[in-house]
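Line by line, the protein sequences are chains A and B.
With the working numbering, letter number 125 in the first sequence gets 125, and the count goes up by one each step, no holes.
With the working numbering, letter number 57 in the second sequence gets 57, and the count goes up by one each step, no holes.
Treat the hints as calculated values from the structure; they're not laboratory data.
Accuracy of the hints is not assured; some may be wrong.
What the hints assert, rightly or not - As a list, the in silico DSSO-like pairs of lysine-lysine whose alpha-carbon atoms are at most 30 Å apart: (1) A/Lys144 x B/Lys57; (2) A/Lys60 x A/Lys144; (3) B/Lys57 x A/Lys97.
None of these values were measured; they are calculated from a predicted model.
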Amino acid sequence: MTPPAEFVCPPRLAAWLVNLFTPAEEAESIPGDLLEEFSQLASKSGVAIARSWYWRQAVKTVAHLAAAGFRLAPWCTTAAVLGGFFLMRFVSGLPEKAIFAVLERYQVFEHHFQLYVFFASSGIAIGHVVASIFVGCMVAWVAKGREMVATMTLALVLCALIIVALVWVATHGPVDVAWILWSFADPPALVVGGVVVRSRRSIAAASTPLKP
Amino acid sequence: MADRDYLGEFEHIVILALLRLADRAYGMTVRQEIESRTRREVSIGAVYATLDRLEVKGYVASRCGDPTPERGGRSKRFFRVTARGVEAVNRTQRAIQSMTAGLDLIGSYS
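Whole structure, please, built from the sequences with the hints as guidance.
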């Protein structure tokens, strides 16, 4: 009698990516199908081949799910992206105002000049990134079930605008490298917001008992 | 409007796979059936995106099965072709047959 096959897990990162992009109504079927076929392949052809197959499937599946997510709910996704864009414009000015209000309130300029310089430069940039995460969370919250598609679309729009702005700045004068680096931190921060909301929803759905 | 539509290439293949698999048709078996018969690698995401589209058109219907341990406690989603789906396959098949009638595809165009 052969011993029972040892349970092999699929690549964690690939499985996580699939879960992120899988819509709520397919949360059981797609990851379940992939896991079942992965287990079959691992016992038949070996773990290495099964893991490579899983990665290929995950990448193609994520691309299809992202495209299908937009096609199935184009207006909802577009509205979330547009709302996020205008919210981003409103929110992005707030860290600067808040930081300068605090700096002036406590007269940091006079007593701790280095601290003042840090908050007036890096502090504002960090504030922008935090604001982007917040906007990403809001967009994902509105685009329920299509969180990653909505936040990634907004991130791509933002990336395109940053590149246009960068080209304009480069052709009109010297370029501040730090400014470029901080600008490119905003789109990934938006996606991080989407990941946070999506992960929380997945955990909440997994802990909810199934209806009989 | 949908009643006059022809199936797309992949939609056609997916519905034929569902008809072949009958009551064993769920994501994994559909994917494997297509891969073994067409000899092209198909992603599970492409299969589900097409099945969802066909379900919206009313050509297929789905139901949830019981959770199984080899799927990490997740349930299967079984699919079946509806009467409208069978009609759409027949319509598409007839169109293809009509378009290929009289053509010597292997001799003249290879």
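Quiz item: Hey, A/Lys60 versus A/Lys144, does the alpha-carbon distance stay inside 30 Å?
Solution: holds, 22 Å
Quiz item: Holds or violated: are the alpha carbons of A/Lys144 and B/Lys57 at most 30 Å from each other?
Solution: holds, 23 Å
Self-check item: Given pair status - A/Lys97, B/Lys57, alpha carbons within 30 Å
Solution: With Cα atoms ~52 Å apart, B/Lys57 and A/Lys97 exceed 30 Å; violated.
In the structure shown, a violation is registered for the earlier hint numbered 3 alone.
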